[in-house]
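Engineer: These protein sequences, in sequence, are chains A and B. Under numbering that gives the first Met the number 0, the residue at position 5 of the first sequence is numbered 4, and the numbers go up by one with no gaps. Under numbering that gives the first Met the number 0, the residue at position 256 of the second sequence is numbered 255, and the numbers go up by one with no gaps.
Any given hint might turn out to be false.
Cut-off 20 Å, straight-line C-alpha distance, at most; resulting in silico cross-link-like pairs (SDA-like, lysine to any residue) [as the list claims (entries may be wrong)]:
{"no.": "1", "chain 1": "A", "residue 1": "K218", "chain 2": "A", "residue 2": "A243"}
{"no.": "2", "chain 1": "B", "residue 1": "K400", "chain 2": "A", "residue 2": "A239"}
{"no.": "3", "chain 1": "B", "residue 1": "K400", "chain 2": "A", "residue 2": "S83"}
{"no.": "4", "chain 1": "A", "residue 1": "K218", "chain 2": "A", "residue 2": "A47"}
{"no.": "5", "chain 1": "B", "residue 1": "K400", "chain 2": "A", "residue 2": "Q238"}
{"no.": "6", "chain 1": "A", "residue 1": "K218", "chain 2": "A", "residue 2": "V208"}
{"no.": "7", "chain 1": "A", "residue 1": "K218", "chain 2": "A", "residue 2": "S181"}
{"no.": "8", "chain 1": "B", "residue 1": "K400", "chain 2": "B", "residue 2": "V319"}
{"no.": "9", "chain 1": "B", "residue 1": "K400", "chain 2": "A", "residue 2": "V51"}
{"no.": "10", "chain 1": "A", "residue 1": "K218", "chain 2": "A", "residue 2": "E32"}
{"no.": "11", "chain 1": "A", "residue 1": "K218", "chain 2": "A", "residue 2": "L189"}
{"no.": "12", "chain 1": "B", "residue 1": "K400", "chain 2": "A", "residue 2": "A112"}
{"no.": "13", "chain 1": "A", "residue 1": "K218", "chain 2": "A", "residue 2": "V51"}
{"no.": "14", "chain 1": "B", "residue 1": "K400", "chain 2": "A", "residue 2": "G79"}
{"no.": "15", "chain 1": "B", "residue 1": "K400", "chain 2": "A", "residue 2": "A243"}
{"no.": "16", "chain 1": "B", "residue 1": "K400", "chain 2": "A", "residue 2": "G236"}
These aren't lab readings, by the way, just hints derived from the structure by calculation. Since the structure is predicted, the reported quantities are computational estimates derived from the model, not experimental observations.
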Amino acid sequence: MPLLVPPAAPRRGLRLAMSLSCLALPSVWRAHELARSDAAGLDTGHPALNAVLPGAGWPQAGLSELLQPYPGCGEWGLLGPALSRLGASNRVTVLVAAPYVPFGPALAAVSLAPSNLLRVQAISAAERLWVAEQALRCADVACVLLWLEQAQSAPLRRLHLAAQEHAKPLFVLRPERAQHESSPAPLRLLLSWQDPPDGQDAQRVHSGVVPPLWVRVLKRRGPPLEARLPLLTVSTGLQALLTASRVQARRRRHLAAPLELVHAVDRTASLV
Amino acid sequence: MLWIALQAWSEDAQPVPELSQALAWQALALTPRVALARDAALMEVSASLRLFGGLRGLLLRLHSGTHDLVQPGRLHAAPGPTSPVALGRLRLAQPWKAVVRLPASDLPLAVLDAAGPHLDALGRLGCRVWGDVRRLPRDGLARRLGAALLDALDEAWGDRAESQHWLQLPDVFEDRLELPFGVEHSTGLLFALQRLLQRLKAWLLARSQGVLGVRLVWQMDARRGVDREGELLLRLGEPTQDMAHIARLAAEHLARVQLPAPVQWLSLHSLETAALDGQSRSLLPDEQRRGESLGQLVERLGARLGPARVLRWQAQASHVPERMQQWRAWSARELTRDAPTPTLSQRQKGSSQAVGPSQTVKPSRARVPPSPPGGGQGWGPAAVAGVGATALNPSCVQTSKAFDALLPTWLLQPPLRLSMRADRPCYEGPLALLVGPQRLEASGWAPVAQTAAEDFVMRDYFIARSPQAGLLWIYRERLPASQAAWFLHGIFA
Chain A
0 MPLLVPPAAP
10 RRGLRLAMSL
20 SCLALPSVWR
30 AHELARSDAA
40 GLDTGHPALN
50 AVLPGAGWPQ
60 AGLSELLQPY
70 PGCGEWGLLG
80 PALSRLGASN
90 RVTVLVAAPY
100 VPFGPALAAV
110 SLAPSNLLRV
120 QAISAAERLW
130 VAEQALRCAD
140 VACVLLWLEQ
150 AQSAPLRRLH
160 LAAQEHAKPL
170 FVLRPERAQH
180 ESSPAPLRLL
190 LSWQDPPDGQ
200 DAQRVHSGVV
210 PPLWVRVLKR
220 RGPPLEARLP
230 LLTVSTGLQA
240 LLTASRVQAR
250 RRRHLAAPLE
260 LVHAVDRTAS
270 LV
Chain B
0 MLWIALQAWS
10 EDAQPVPELS
20 QALAWQALAL
30 TPRVALARDA
40 ALMEVSASLR
50 LFGGLRGLLL
60 RLHSGTHDLV
70 QPGRLHAAPG
80 PTSPVALGRL
90 RLAQPWKAVV
100 RLPASDLPLA
110 VLDAAGPHLD
120 ALGRLGCRVW
130 GDVRRLPRDG
140 LARRLGAALL
150 DALDEAWGDR
160 AESQHWLQLP
170 DVFEDRLELP
180 FGVEHSTGLL
190 FALQRLLQRL
200 KAWLLARSQG
210 VLGVRLVWQM
220 DARRGVDREG
230 ELLLRLGEPT
240 QDMAHIARLA
250 AEHLARVQLP
260 APVQWLSLHS
270 LETAALDGQS
280 RSLLPDEQRR
290 GESLGQLVER
300 LGARLGPARV
310 LRWQAQASHV
320 PERMQQWRAW
330 SARELTRDAP
340 TPTLSQRQKG
350 SSQAVGPSQT
360 VKPSRARVPP
370 SPPGGGQGWG
380 PAAVAGVGAT
390 ALNPSCVQTS
400 KAFDALLPTW
410 LLQPPLRLSM
420 RADRPCYEGP
430 LALLVGPQRL
440 EASGWAPVAQ
450 TAAEDFVMRD
460 YFIARSPQAG
470 LLWIYRERLP
480 ASQAAWFLHG
490 IFA
């Protein structure tokens with residue numbers, strides 16, 4: 000590591016400390032700061048998340064892990080802005096072993112062209128890993144999303160190296176219980192819809208109408224981050240709808256029971 | 000005139016005449032005048048010397064063109080003023096030594112094809128080299144040994160015009176290879192296939208075409224109750240000269256083939272070829288593409304997993320959520336051409352340019368009940384009914400897009416039936432209904448005879464919130480209260 004020490008310094012220790020703190024050496028990473036990377040990250044589309052990620056975005060090349068309590072927990076809203084930016088060059092996003100069927104019209108509405116999706120139904124874990132690695136090696140692929148139930152560390156490292164070699168982002172979506180296993184991913188996030196029990200109140204943050212996606216950074220190149228980030232990943236149209244229906248629900252408190260709902264609908268219909 | 004005789008040698012310095020044809024096909028890239036001799040390929044290059052930078056430049060180009068056919072150092076070429084001389088010099092060549100440029104009169108008789116039947120007689124006459132025969136009286140020689148020998152010598156000296164059968168490329172590639180031993184496992188065929196593929200590439204290069212399909216046939220030992228032949232058809236999405244890709248595809252397919260008997264012969268046929276589009280390459284190293292193309296990826300994934308598991312999205316003309324789209328097998332040929340559009344959308348071409356067919360066609364089959372007032376701004380049947388009025392109005396397209404933004408990003412197929420607890424649907428805990436109902440009725444206008452039971456859809460959709468699983472899209476079948484059932488149909492992820 001090259002260190003620049005001033006040649007004739009009166010108080011050498013102080014000078015050295017100052018120069019270390021002032022110098023912006025790209026190869027020096029101080030543990031209390033976020034790691035800088037030469038290549039800027041891929042903009043996540045969520046400013047609050049950008050602020051806590053090294054490179055101010057998703058890694059452009061390499062493995063990132065998203066841990067979810069349930070399959071299909073907030074991934075499209077979280078990755079959507081970045082994926083739509085990646086898909087702008089008409090390259091393909093590969094979905095390996097997606098848990099449900101991606102719904103094209105809804106994805107198109109958040110400017111994620113569904114015609115640029117390649118969905119591969121791979122069943123066994125070995126197949127999924129193989130497909131992901133083949134997809135990373137393809138020149139026309141922009142990004143790979145891989146759903147894995149169980150994974151060893153070694154094949155994940157292999158995928159990480161393949162993603163780095165071919166300069167593609169790879170997102171691996173794993174169940175929540177994997178957070179206690181070691182992983183070669185430089186970035187690990189835990190997603191959850193559940194409001195945290197501690198002092199952070201969802202009501203206060205987002206007025207309680209639209210549920211935020213709580214993101215906890217389990218691992219990053221930087222100091223650990225305890226706080227959970229509330230991200231508004233729901234589409235704007237749905238936000239407006241939820242807000243509007245909230246106003247109405249205040250007027251009709253008794254709508255909670257589904258049997259009465261039928262009557263409620265009929266009654267509103269008769270109000271025309 | 001300048002002739003070059005070409006021959007490939009094996010590891011133990013033996014000529015390999017089987018490769019002569021592939022070499023000749025390669026040579027066609029340099030000159031149109033190529034012929035096949037008994038054990039070598041012959042090319043006449045006097046007209047193309049200047050273009051390729053002299054004899055040295057031409058030979059360099061020949062070496063670089065054949066490097067995957069013949070290993071470096073095993074391709075032997077001998078030039079000569081006439082084809083018998085070039086052939087004779089080639090047959091005298093020694094491994095790892097420069098070709099001896101003997102004049103025609105000093106070449107031994109053993110390397111002349113026409114002298115083969117008369118070698119003993121000529122030997123008794125005291126003739127060792129071509130010049131000895133040439134000095135004999137012509138009429139007596141023609142009477143005793145026939146005119147063919149004299150004609151060959153005249154051609155060698157250039158006194159007589161050579162007559163050659165110029166090689167023309169066959170329209171269909173067909174080549175076969177005898178395996179050195181019976182191969183019992185299908186993966187063992189790959190090595191032999193590599194050699195056939197190299198010849199196929201030479202043929203393709205000479206034709207400037209890419210292959211679209213090949214047929215691999217293997218012939219096995221005769222056994223009772225077993226076919227003597229097996230075959231493998233490989234179809235490719237786009238014309239290619241990339242033999243490594245074909246070999247990988249064949250490996251995926253051959254891994255599943257059981258050979259009932261040892262294989263003795265392997266042959267390869269081209270089924271279909273197409274002109275290869277030239278690729279423009281960038282001068283800058285950054286812009287050069289690394290890795291295979293999407294078509295190759297899809298083919299390889301399909302070869303191992305089955306084509307039905309590699310899917311692409313296609314919009315469909317329906318307004319029932321599960322029929323708005325179709326994930327269909329991604330055949331690589333569609334990469335270049337547009338996917339066939341649904342028939343309903345063709346009727347409304349004017350409007351389908353801005354949005355997908357699923358959005359424009361919705362009104363044509365949707366019957367929307369009168370909208371409940373205040374059912375939510377921009378939500379529900381009111382929005383759909385607006386589209387139904389005039390599909391061509393751009394503002395309605397906007398409305399349709401706004402409607403799509405309210406759909407969930409994950410769809411459950413088939414919908415998951417929810418358990419009930421105290422008259423409330425539950426999914427990871429009791430659900431709170433936030434928005435709804437959005438009423439959906441399908442097939443209202445379709446004739447009854449054509450309406451299948453599953454086409455008849457009457458649902459009330461709600462957006463519900465689960466504390467753990469987030470926002471969900473659930474619906475209730477509009478059935479009598481005793482049969483009422485709730486289903487989870489989508490997840491807002």
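Engineer: Evaluate each hint against the coordinates.
Structural biologist: Here is what the structure says about each hint:
no.: 1; hint: A/K218 to A/A243; in the structure: violated (38 Å)
no.: 2; hint: B/K400 to A/A239; in the structure: holds (15 Å)
no.: 3; hint: B/K400 to A/S83; in the structure: holds (17 Å)
no.: 4; hint: A/K218 to A/A47; in the structure: holds (17 Å)
no.: 5; hint: B/K400 to A/Q238; in the structure: holds (15 Å)
no.: 6; hint: A/K218 to A/V208; in the structure: violated (30 Å)
no.: 7; hint: A/K218 to A/S181; in the structure: holds (11 Å)
no.: 8; hint: B/K400 to B/V319; in the structure: holds (16 Å)
no.: 9; hint: B/K400 to A/V51; in the structure: violated (33 Å)
no.: 10; hint: A/K218 to A/E32; in the structure: holds (14 Å)
no.: 11; hint: A/K218 to A/L189; in the structure: holds (10 Å)
no.: 12; hint: B/K400 to A/A112; in the structure: holds (13 Å)
no.: 13; hint: A/K218 to A/V51; in the structure: holds (11 Å)
no.: 14; hint: B/K400 to A/G79; in the structure: holds (17 Å)
no.: 15; hint: B/K400 to A/A243; in the structure: holds (19 Å)
no.: 16; hint: B/K400 to A/G236; in the structure: holds (10 Å)
When the structure is compared with the earlier hints, violations turn up for hints 1, 6, 9 and for no others.
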